[in-house]
Structures are given as structure tokens and as C-alpha cells.
Amino acid sequence: MDWYVFLSGGFGLLLVLFTAGLPVFVAFLAMNILGLVLLTGDLSGVSLIVSSMYATSTSVSLAAIPMFILLGEILFRTGSVAILFDAVDALVGNFRARLFTVCVVLSTLFGALSGSAMAVTAMMGSSLLPEMVERRYDRRMSIGAIFAGASLAPIIPPSIMAIVLGMLAKVSIASLLVAGILPGLVLAAIFFVYLMVRARIAPELAPASPRVDAPAMERLATASRALPFLLIIATILGLILGGVATPTESAAMGVVAALAVTAAMGKLTLSGLREALGSTAWITAIILIIMACSVSFSQVLNMSGATSTLVRAVTELDWDRWMMFAILQVLPFVLCMFVDQIALMIMLVPIYLPIVGALAFDPVWFWLIFLINMSVGGITPPFGYTLFALKGVAPDVPVQEMYRAVIPFILIFAAAIVGFALMPEIVTYLPSLM
Amino acid sequence: MKAITRGLGALLRSHDRLADLTYGLSILAVAAIALVTSLEVVMRYAFNAPLGWSGDSVMVALSVLTFLAVPRITRENAHVAMTFAVDGAPPPVRVALARLGNAAGFAVCGICGWYGADAALQHYQTGVQMITVTAWPKWWVTGTIAYGLLSAALYFLRHLLEAPRDAREHEWTGTYS
Amino acid sequence: KDLTMLTSWGESYNAVPVFAVGFAKRVEELSDGEVKIDLRGPETVPPFEQLQPVSSGLFDMLFTHGAYHKGQTAMVFGMDAIEDDPVKRRESGIYDLIDQHYNKRGLKLIGVFSAASGYHVLLREPIGESGDLSGLKIRASGTYHHFVKELGGSVVTMPASEIYGALERGVVDGAAWPVFGALDYKWYEVADYMARPTFGVTNLSLFMNLDSWNALSDEEQDIFIEAAKQLEIEGREHFEMLWAEEEAELKRRGMEITEFGPDVAPRVDAVFNTGVWQDVVERSGEDGRQFRDMAIEKGLTEQ
Ligand code: NA
Ligand code: NA
Chain A
93 MDWYVFLSGG FGLLLVLFTA GLPVFVAFLA MNILGLVLLT GDLSGVSLIV SSMYATSTSV
153 SLAAIPMFIL LGEILFRTGS VAILFDAVDA LVGNFRARLF TVCVVLSTLF GALSGSAMAV
213 TAMMGSSLLP EMVERRYDRR MSIGAIFAGA SLAPIIPPSI MAIVLGMLAK VSIASLLVAG
273 ILPGLVLAAI FFVYLMVRAR IAPELAPASP RVDAPAMERL ATASRALPFL LIIATILGLI
333 LGGVATPTES AAMGVVAALA VTAAMGKLTL SGLREALGST AWITAIILII MACSVSFSQV
393 LNMSGATSTL VRAVTELDWD RWMMFAILQV LPFVLCMFVD QIALMIMLVP IYLPIVGALA
453 FDPVWFWLIF LINMSVGGIT PPFGYTLFAL KGVAPDVPVQ EMYRAVIPFI LIFAAAIVGF
513 ALMPEIVTYL PSLM
Chain B
766 MKAITRGLGA LLRSHDRLAD LTYGLSILAV AAIALVTSLE VVMRYAFNAP LGWSGDSVMV
826 ALSVLTFLAV PRITRENAHV AMTFAVDGAP PPVRVALARL GNAAGFAVCG ICGWYGADAA
886 LQHYQTGVQM ITVTAWPKWW VTGTIAYGLL SAALYFLRHL LEAPRDAREH EWTGTYS
Chain C
3 KDLTMLTSWG ESYNAVPVFA VGFAKRVEEL SDGEVKIDLR GPETVPPFEQ LQPVSSGLFD
63 MLFTHGAYHK GQTAMVFGMD AIEDDPVKRR ESGIYDLIDQ HYNKRGLKLI GVFSAASGYH
123 VLLREPIGES GDLSGLKIRA SGTYHHFVKE LGGSVVTMPA SEIYGALERG VVDGAAWPVF
183 GALDYKWYEV ADYMARPTFG VTNLSLFMNL DSWNALSDEE QDIFIEAAKQ LEIEGREHFE
243 MLWAEEEAEL KRRGMEITEF GPDVAPRVDA VFNTGVWQDV VERSGEDGRQ FRDMAIEKGL
303 TEQ
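Read top to bottom, the protein sequences are chains A, B and C.
Under the numbering used here, think of the first position of the first sequence as 93, with each following residue one higher.
Under the numbering used here, think of the first position of the second sequence as 766, with each following residue one higher.
Under the numbering used here, think of the first position of the third sequence as 3, with each following residue one higher.
Since the hints were made in silico from the structure, they are not lab data.
It cannot be assumed that every hint is accurate.
[What the hints assert, rightly or not] Below, computed lysine-lysine pairings styled on DSS-like, alpha-carbon distance capped at 27 angstroms:
1) K38(C) <-> K27(C)
2) K262(A) <-> K253(C)
3) K253(C) <-> K3(C)
4) K262(A) <-> K3(C)
Let's have the full structure, built from the sequences with the hints guiding it.
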């Protein structure tokens with residue numbers, strides 16, 4: 093079978109199965125089995141799916157997901173998030189977009205710290221989102237803010253994805269990590285401004301605080317109640333930056349800190365803890381079964397040789413430098429609509445390497461923009477782990493609403509990518525100081 | 766006839782109870798990951814005596830937590846699905862698509878579960894270990910994968926055979942604990 | 003004839019172009035283009051899961067490291083404790099022993115390629131007065147477990163992708179790895195020292211599905227073995243050069259040598275080998291024991 097028939101047929105059929113409402117993991121498994129039967133002639137290849145599931149579900153790096161979800165669950169169920177929001181309300185009650193901006197700031201902060209957009213989305217979705225909806229904030233905007241902030245996770249260091257990319261692309265990992273700081277902050281600032289402007293134009297998106305009229309002392313007292321919450325954040329921050337623990341380990345320590353703090357405040361109950369553990373298991377399983385099946389899908393595509401033939405065909409186009417830049421970035425953007433990002437990087441980067449060299453692109457600049465692109469891949473519909481992570485924690489949010497929520501932010505990302513391409517100093521300035 | 770129905774009912778109830786039981790184990794696995802991971806940090810940093818086995822056990826726990834929870838998630842139709850097209854379709858189409866989903870789920874989970882069981886059996890018989898620092902039998906994990914997929918297949922089949930209802934009942938229940 | 007070869011690494015890992023691609027090219031030349039070998043890497047089948055699909059014939063060949071299938075058998079992993087001399091190795095008869103062992107799993111041993119180098123420990127700080135790894139937290143896979151413990155260190159497990167961050171922030175004091183790697187993974191950016199002497203021998207091994215092997219003509223089988231024999235010698239020489247270059251490059255980028263103490267340095271090979279033989283005997287049973295005894299008897303391993 094010709095590679096382009098295999099590839100377009102594969103993506104097309106997968107889309108049909110998605111649209112028919114099949115569980116996402118079932119759609120992937122069906123495609124994997126079909127692909128392997130086409131490639132090997134019988135069902136014996138199914139053993140490859142099993143071993144791929146084994147390998148994915150035993151990846152220690154994925155332990156970040158349950159740990160951050162558990163942290164979010166405990167914070168939400170013990171009312172810690174409500175206290176934090178009350179504090180913000182008390183401090184800046186008249187500022188309409190305030191909780192949206194809290195949302196962006198927190199998901200950027202946790203994203204930056206953890207490096208896992210999925211983990212942070214699940215954490216924010218289980219803690220902040222219900223509280224925002226409860227307070228009559230527009231759900232779609234809240235979801236968008238969570239996605240946007242969380243997508244900065246792989247861009248701002250520390251970031252496993254940047255380390256894997258640096259290794260594959262043979263660029264200095266230290267430079268790549270540092271290069272992500274400015275673009276990440278610029279993006280966070282743009283999200284911030286966007287949310288403020290939207291709330292200004294349409295005030296119904298964000299209600300005013302009921303506490304504006306309270307006396308200053310009472311407002312201050314409310315704000316000070318958020319201090320224990322800040323203590324939990326400080327624990328995680330300190331452990332990571334202090335070189336005591338890896339991000340995943342720090343999240344586990346964050347769980348311990350959250351338990352200690354909420355127990356001291358008398359807010360921790362045994363049934364609350366059981367529920368938090370229960371929904372963590374539930375959500376983690378929903379996310380990991382999809383990951384296990386979709387990584388296997390990427391592997392079947394690679395086995396067919398179809399994806400690498402496509403990438404080779406693209407890299408052999410003899411267009412001018414900027415057209416080539418555009419196509420080299422658009423290709424992974426499109427592929428990310430269907431396949432796992434890390435698996436895509438492993439296949440794509442080595443094939444890209446010679447062409448990036450031949451076109452004389454600054455490697456740090458090129459690969460950082462590629463990294464941003466990969467990160468956006470997690471939230472581009474129809475397929476994205478970050479999307480599914482939120483769907484896992486907020487099952488009553490329809491998928492189409494998530495898609496609509498994320499589109500403005502994808503457009504902002506796209507515009508920012510163009511900006512970083514035209515103004516490479518934003519990317520290259522900090523690494524140049526090293 | 767009645768005896769058969771009763772026997773079948775008992776069988777289905779034990780399937781449900783097993784799914785509940787393994788979901789409980791899955792919850793324990795979450796607690797274990799949190800416990801072991803934070804213990805590792807304390808032992809390594811405060812006592813300069815890393816556990817050594819923490820990463821390995823987290824590996825096992827992560828896989829076990831996933832595949833022990835999958836059957837119950839399947840029972841409650843709580844897997845992520847893109848339902849926007851289905852939601853807008855007329856009821857007969859919705860019912861048909863729900864059936865298609867359940868049939869496909871039964872088939873693919875059944876096939877993969879079968880091969881999973883085959884792998885687990887082979888790992889058990891030949892004593893294959895995981896590539897870890899501490900020796901873990903690989904069939905613990907592959908066996909769990911096989912269990913999760915086969916039990917999920919059975920739930921898909923049960924959904925498929927249940928009396929046709931409005932497909933609305935196949936939507937998100939919104940509960941997850 | 004079109005064959006497929008699974009490799010445990012991508013083409014950016016230097017052993018793949020030298021040995022795997024090198025083997026495919028050589029076979030194609032020697033067979034006048036009759037036999038073509040197509041490579042598939044870890045993006046197709048995860049590295050630790052590759053032995054089974056080749057045993058069962060989903061792929062024809064496998065290029066891997068013995069530790070990657072240690073869960074099934076550690077037989078070929080034992081080569082890491084065998085003297086690094088391709089000719090002696092072939093003449094000693096241990097190849098036949100290993101080959102027979104893998105035959106039971108539906109595999110044929112085609113060749114074992116030495117990377118003309120072994121393993122080392124990267125460290126954030128130079129080795130202290132103890133002269134060994136006492137008090138240090140070392141990231142290590144099962145391959146180095148015995149070694150690190152025996153030298154007084156404690157083992158920390160984490161995925162390879164987290165080594166960079168862990169070394170950078172001091173979560174661990176060091177990491178054990180084959181001598182090739184610090185450059186590719188950029189660990190020289192976060193660790194300044196490499197411990198010497200190195201220990202053990204890194205070997206890459208090449209297997210073929212037994213049915214695929216039997217389907218080759220006698221002439222083709224000779225070509226395969228001949229290509230492997232040539233590469234075992236020429237590839238090894240090539241790797242001597244690569245290692246010299248790599249070590250020079252690491253030094254140029256600021257890495258320094260730190261020596262094990264005088265009473266530790268002479269033992270490092272023996273300590274490492276002991277760990278390897280423990281694995282071989284434990285995982286490969288009677289065959290493994292026979293392998294170890296033969297290696298000792300022929301003076302091919304230091305204990
Ligand atoms: Na980050
Ligand atoms: Na996507």
C-alpha cells in the first residue's frame with residue numbers, strides 16, 4: 093500500500109471513529125489492530141500493542157499525573173481553593189477578571205514547576221474549575237485560561253520535553269531551557285491581557301466580588317487565611333529549586349504538605365481523603381489508557397514507514413528558506429492533531445536535523461519554536477492529551493465546549509510563534525548571555 | 766430457564782463485585798505512589814539513604830492503578846469520547862452509534878486482552894522479570910493489563926446486550942467516585 | 003530478499019550507524035544487492051520490549067544491548083564481563099554456547115560488537131578521600147546496582163530523561179552510564195567529573211529470527227557471519243577512534259577526570275564483572291553457569 097494512502101486513510105478513519113462517539117482509547121485500539129493486520133497479514137502483531145501498553149503504563153515519568161491530580165483534589169476537597177479565591181476577592185474585589193488571572197498565574201506557575209501540561213490541567217480542572225463555575229465565572233473562559241497556562245509547562249523550565257528535544261536535536265539543553273523563559277513569560281502576559289480585555293468588553297463573563305464593601309480589616313483577615321495555601325506552594329517550589337527532589341517527587345511532598353496543613357486547619361476528613369484518592373485513580377486511569385493506546389498508534393504508523401516517508405518528502409521540498417521554516421513547523425502542528433508528541437519528536441527530529449543545518453537556522457531559535465509548537469499540540473483538537481486530561485476531571489464539560497474554549501488561545505500561540513520567528517531576540521537573548 | 770437466569774445474574778454480580786474490588790486496589794495504588802515517593806525524598810535527603818526500590822514500585826503501581834480501574838470506568842461509560850456529533854443526531858442514530866461503540870469496544874478489548882493474557886501466561890511460565898533494579902515478576906503487570914482489558918470487554922458486551930434504551934443513558938454520568 | 007531489523011536506539015546513537023547500518027550495507031554489498039535490510043528503531047517498538055517480537059518473527063533481526071532483555075535472559079549480557087578481543091572471543095567457543103541458548107528462544111546469534119569502551123560514573127564533585135563512592139547517591143539502572151553498592155554508594159532510580167535535571171539540581175551526586183552518552187545527553191553541562199578507570203565492556207549484539215535464518219541459503223548465511231566477523235574487528239577499531247574523540251571533546255567542554263583511590267582502582271573491573279555474572283547465573287540458569295565457568299577457565303574474565 094502506498095504510504096500516503098495508509099497515512100491519510102489512517103487519520104481519516106480515526107477521525108470517523110472519534111466522531112462516531114467511540115471511546116477515544118477504543119478508536120485508537122481499533123486502528124492499531126487494523127494497521128497491524130494490514131502490515132503483518134494476521135493478528136500476531138497484536139502482541140506489539142500489549143507490550144507497548146506495558147511500556148507506556150510503566151513509565152515512571154507519568155507518575156507526575158496522579159501526584160498533581162491528588163494535590164489538586166486535596167486542595168479542592170478541603171476548601172483550600174475557596175479560601176484562596178476569597179483572599180483574592182478580598183484583596184482586589186473590583187477587578188473583574190481577577191479569578192481568570194489567578195487561574196492563568198497558578199497554571200503558569202505549576203506548569204512551569206512541573207513541566208507536565210497534562211498533570212497541571214488535571215490538577216487545575218479538579219480544584220480551580222469547579223470553584224470558578226460555582227462563583228459564576230464563565231466556564232468556557234475558565235477552561236481556556238487553564239489550558240493556556242498549563243501549555244506553558246514544557247516551555248518554561250524545568251521541562252522534560254525540552255530535555256528530550258535538546259538531546260534529539262543535539263542542541264545545548266541548558267540553552268534550550270533558558271531560551272524558553274522569555275517566550276513563556278511573554279505568552280503568559282498576553283494571556284493575562286487577553287482575559288482582562290475580554291472581561292472588560294463582556295462583564296458577564298466574570299462577576300464582581302461580593303466582598304468589595306467589607307471593611308479593610310475584615311478583607312485583610314480573609315486574605316491572610318490563604319497563607320497556609322501559599323505554604324504548600326512554597327514547599328513544592330523550594331523542593332524543586334533547592335535540588336531536593338524531582339518535580340514528581342515534589343508533587344508527592346506537596347500532597348504530604350497539603351495533608352499536614354489541612355489537617356492542622358481541621359479541614360481534613362477521612363472520607364474526604366478517600367474521595368480524593370478515588371477520583372485520582374479514576375482520572376489517572378482514564379488518561380493513561382488513552383496514552384497507552386495512542387503511543388501504540390504512533391508506533392504502528394512508524395512501523396509502516398508512512399510517517400517517516402511523509403517527513404522525508406516534506407524535507408526534500410526545495411522551497412525558499414521561510415517557506416521551508418513554515419512547512420517544517422506546520423507539519424508537526426498538523427501531526428499533533430493525531431499523534432503523541434514525544435513519539436512524534438523521536439521520529440521527526442533526526443530527519444529534520446540535516447535540513448535545519450542546511451538552511452542555517454539558529455538551532456536554539458528553531459528548536460524552541462518547535463518546542464512551543466509541540467506544546468500547543470497538546471491542546472489542538474481533535475486529539476490532545478491536555479484536552480483529554482481536562483475531560484477526565486470535568487466529565488460534564490462537552491468536548492465541543494473545550495474545543496471552542498481553546499481556539500482563541502491556539503490563535504494567540506500561533507500569532508506569538510510568528511512573532512518569535514520575526515523577532516528571534518526574544519528567544520536567543522537569554523541564552524546568548526550564558 | 767429460571768435457574769439459568771439466576772445463575773447468569775449471580776455471574777454478572779460477581780463480575781461487578783470484582784470490578785469494585787480491583788477499583789479499590791487501584792485507589793490503594795495511588796496512596797502507595799504518594800507514600801513511597803515522599804518516603805524516598807525523606808530517606809534520600811534527610812538520611813542520605815535512598816530506598817532504591819521506590820522508582821520500580823512506582824512503575825508497577827502506575828500500571829496496576831490504570832488497568833485495575835478500567836473495568837469500572839467502562840461499566841459507568843465514563844471513558845473520554847467525543848460526543849458532539851452523536852449528541853446532535855436523531856435518537857435511532859444515537860442508539861446505533863452507541864451499539865457500534867460497544868461492539869467495537871468488546872472486539873478490540875477482547876482481542877488485546879486475549880493477547881495480553883497470552884503474554885502474561887508466557888511471562889509467568891518462563892519467569893520473565895521487569896527491567897528494574899529490584900526484581901519484579903513481569904506477569905504481575907501484564908496479568909493486570911489482561912484482566913483490565915478482558916473485564917472491560919465483558920462490560921462492553923453487557924452494554925451491547927442490554928435492552929435498547931435511549932442513547933442518552935450512554936452519555937456521561939458526571940459521577941466519578 | 004527484504005528483511006527488517008529492530009534497533010534499540012535511533013540513528014543518532016553512534017552504535018547504530020557503525021554496526022547496524024554498517025551491517026546492512028555490508029550484507030547488501032556482499033550479496034550484490036540481493037539481500038536488503040530495513041531498520042526500525044525504538045519509535046516502533048520500545049527498547050526493552052524488542053526480543054519477543056523478533057523471536058516470534060514479526061521482525062527478522064534485532065540490534066540491542068544484552069541488559070535490555072535481562073528480564074528474559076542475561077546470557078549475552080555476560081559478554082560485558084568478557085575480555086575485549088574479538089578474535090579470542092570467537093575462538094573460545096563461548097559464541098556457540100550463547101547461540102545455542104538463544105536458539106531455544108527462536109533466535110540466532112549473528113555477532114557481538116564491542117564498542118571498545120566500557121562504563122563510567124559521572125560525578126558532580128571529584129571522588130573524595132574514601133577513594134570510592136561512599137556516601138554518594140548515584141543514579142543507576144540494574145546493570146550497575148552491584149557495582150555502586152559495592153563501592154559504598156547508594157542507588158537512586160529514575161528514568162534517563164530525568165538524569166539531566168537531577169544532576170543539575172543535585173538531586174543525585176552522580177550517574178552511571180556507558181562512557182558514550184554524556185555528550186549526546188548534554189550531561190557535561192551539569193556534571194564536571196568522570197570517574198576513572200572505566201569498567202566492563204559495552205557490547206552490542208545482533209540476533210536473527212531462527213526461521214528467517216534458516217530461510218537463508220548457505221551462501222547467504224556465510225555472508226551474514228562474514229559481515230559480522232568483519233564488523234566485530236573494523237567497527238571496534240572505528241569505536242576506539244570515536245571514543246578518543248568523544249573523551250577529548252568532553253574534556254574540551256570542561257569535564258575533568260577524577261580517579262578512584264589506589265586500592266579501589268584495580269578492583270573496579272572485577273567488582274563490575276561479579277555483578278554481571280550474578281545476573282547471568284541467576285537469569286540464564288545452567289547455560290549461564292556454563293558460560294561463566296568457561297570464561298573463567300579460558301581466562302577471559304577478571305574476577
Ligand atoms: Na516547566
Ligand atoms: Na493535538
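**Proposed proximity, K3(C) with K262(A) (alpha carbon, max 27 angstroms)** = Cα-Cα ~35 angstroms, so violated.
**Message:** Please verify whether K262(A) and K253(C) have alpha carbons no more than 27 angstroms apart.
**Reply:** holds (18 angstroms)
**Item:** Satisfaction of hint between K3(C) and K253(C), Cα-Cα up to 27 angstroms
**Value:** violated (46 angstroms)
**Prompt:** Is it true that the CA of K38(C) sits at most 27 angstroms from the CA of K27(C)?
**Reply:** holds (8 angstroms)
In this structure, the earlier hints numbered 3 and 4 are contradicted, and the remaining ones agree with it.
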